[in-house]
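Asks: Sequence:
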Amino acid sequence: MHSLLSQWLYCLQQYLRISLFRSSPASLPYSHTCILLTVIAYSLVGFLLLHELRSLPSILAQVMVEILLLYAISYAMLRFSHKSERLLQTLSALIGVNLIVSIVGLPIMYLLPEVQPDEPIDPLVLQLNLLLLFWNLAVISLVFKRSFEIRTLTAGFLSFNYFLLYELLLLTLFA
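Start counting the sequence shown at 74; every next residue gets the next number (our numbering).
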């Protein structure tokens, strides 16, 4: 149990380094355990962020939709480029950086004023949410670039389209 925890803590450290643009998915161990523990942690953070808006099954379904979409994109791109052996590390990096960004978003969400449906959005709330979104997309783009060995512009395009598709799926499935 101790070695599993220390391996996951190493993965968390690498997720943070990737999120700060200092590392790549290749630095992650080839570990199903890291992915499983990261998915559990990501689901818990998702619950903390969304529990007032959605039920636990809905939050878990949303996390699974996100992971399945990231898996589908990664699988297709890695299969196309004959680099399928990178799938586990790529998926681990993608879930891990989303976990890091979500953890950073937790205190921000609790410290900022709540958005009321009938009032204009506070510009600070909007700016911080956009900053988190752009950071998340930039890090996902970095993971795509390094895992798929594609150009920066292509990786940015892919991450932006992933985000649009993910949001459309959420609107379709959970609205």
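I should point out that these hints are in silico values taken from the structure, not numbers from a laboratory. Some hints here could point you the wrong way.
Restraint ranges, calculated between C-beta atoms of paired labels, are given here [said to hold, decoys possible]:
1) Ser157 to Leu179: 30 to 36 Å
2) Leu141 to Leu117: 16 to 22 Å
3) Pro190 to Ser79: 30 to 36 Å
4) Leu78 to Leu141: 41 to 47 Å
5) Thr225 to Pro190: 36 to 42 Å
Using N, Cα and C, we set each Cβ at its ideal position, and we do this for glycine too.
Asks: State the violated hints by number, sorted upward, taking the hints as numbered earlier in the document.
Replies: Violated hints: 3, 4; rest satisfied.
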